[in-house]
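2 protein chains.
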Amino acid sequence: MNDLLVVVVGTTDVSLIPGISIAGPSPEATHYTPALDVEYLLAGRPITLDVVPATPEGIPTPALVTRALTSDVPKLVVDAGARVQPQVPRVVLGGVPGGDIRRGALPREAAERVVKNGVLLGRQLSGLGRVVLGESIPGGTTTAMAILVALGYDAWGRTSSAASNNPKELKTAVVKEAVSRLKPPVDAVTAASEVGDPVHLALAAIALGVVAAGGEVLLAGG
Amino acid sequence: MNDLLVVVVGTTDVSLIPGISIAGPSPEATHYTPALDVEYLLAGRPITLDVVPATPEGIPTPALVTRALTSDVPKLVVDAGARVQPQVPRVVLGGVPGGDIRRGALPREAAERVVKNGVLLGRQLSGLGRVVLGESIPGGTTTAMAILVALGYDAWGRTSSAASNNPKELKTAVVKEAVSRLKPPVDAVTAASEVGDPVHLALAAIALGVVAAGGEVLLAGG
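If you're matching them up, the sequences are chains A and B in order. My numbering numbers the first residue of the first sequence as 1 and each following residue consecutively. My numbering numbers the first residue of the second sequence as 1 and each following residue consecutively.
It cannot be assumed that every hint is accurate.
Pairs count within a copy or across copies, as identical chains cannot be separated in the list.
The calculated DMTMM-like cross-link candidates involving lysine to aspartate or glutamate, where the alpha carbons are at most 25 Å apart (straight line), are [to be verified]: (1) 116 to 72; (2) 116 to 50; (3) 183 to 13; (4) 168 to 154.
To be clear, the hints were calculated from the coordinates, so they are not data collected in a lab. Predicted, not measured: the structure shown is a model, and the values here were computed from it.
Extracted from the complex, chain A is given alone in its bound form (with noise of 0.2 Å):
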């Protein structure tokens, strides 16, 4: 069985919270990384800025590893909400750019709209070949910790970082004024789109979608 590698990159305003993100040179720049990485991915080089992305300390994106890894995969970007574009060709899902979680990230009707179109998607997806879900998000782990906590899941402090220092407490002080928003349970939609961002609400549409009709995904990482 073929492999399709399905790259999921948007942004949320969580990264520009400074020390929260090393997945970019500055806290601003972390909103080019989604982009830089695939272009890098499937052009051969970063076209937004001429530039490879990097950690404040000058360690490369991981993209490098995916791009010597998967030379001969066929990929595909998703762009779940990126406030910068990727300049390749890029499937896109009616969604928006991730706000500051402790003030809401998504509206809901974008949030539903990334639901019904990722399904799709993945249900086109299945007969293709195993879907191999990668994504690309600075600030990712920690929504991933919102979205759990929002779900009722003990997660405090329990989300990784691209960081070998793990900004724990500032991670976790994000996500408890973030989800005192809420009156628990809240349903999955809900918590992506108030505490969450697009991209795991993307991949778990088109994971969704894919499993749906009877494909396998296998998740990847970022």
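Following the hints, put chain B in place on chain A, whose structure we already have.
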């Protein structure tokens, strides 16, 4: 080998010229037809409007036949530049809706983005199976004639029509006025950006990418 149906949609303002296209109940309605076609194809019913596209005389869109024939074929929608954007997952290439070819079809930069991204997309799709290329663009037989004439072919009156009564005189007059702006010989991108449309350009670019990567293309028509 699997098949993958790629349906490229877009619009040209040529379809707004009264009498030139029957791919919609009125000239203005033709701009909805590509979106409704692919919504029906992927989601099982039109979404943007709750109506199956039809000719002024009520004959429904050939998308009905496409859906019946391809129920088990994975499908991908490419939006090369549609004035009414389909409410289903769609690949975007950085294109824009096509203008009236008597005054110019596409900005050169948009045309070049479509070519570059179409080739990139084709390269990725080539590994997934045989790429069956379909399209939906009302007015497309007129722009096809204009592109062929611009490239030096004697194509006057030689493109077909969705109508049993092909309005060849009207189409020929529009093409004559359009190509009068050109100084031959012109290359393919100039032909498409001056007197063509985003869909023809995207189809050519995707086909080039598939073939360049060693894949197989089947042109499936409209």
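Hints and how they fare:
1. For a Cα distance limit of 25 Å, the shortest separation of residue 116 from residue 72 across copies, 20 Å, qualifies, whereas the shortest one inside one copy, 30 Å, does not.
2. For the homomeric pair residue 116 and residue 50, the shortest alpha-carbon distance between copies (17 Å) is at most 25 Å, but the shortest distance inside one copy (35 Å) is not.
3. For the identical chains of this complex, residue 183 and residue 13 are intra-copy neighbours only, at 23 Å inside a copy versus 50 Å across copies, given an alpha-carbon limit of 25 Å.
4. Taking the shortest alpha-carbon separations for residue 168 and residue 154, only the intra-copy value of 14 Å comes in at or below 25 Å, while the best inter-copy value is 70 Å.
Comparing the model with each earlier hint shows no violations; every hint is respected.
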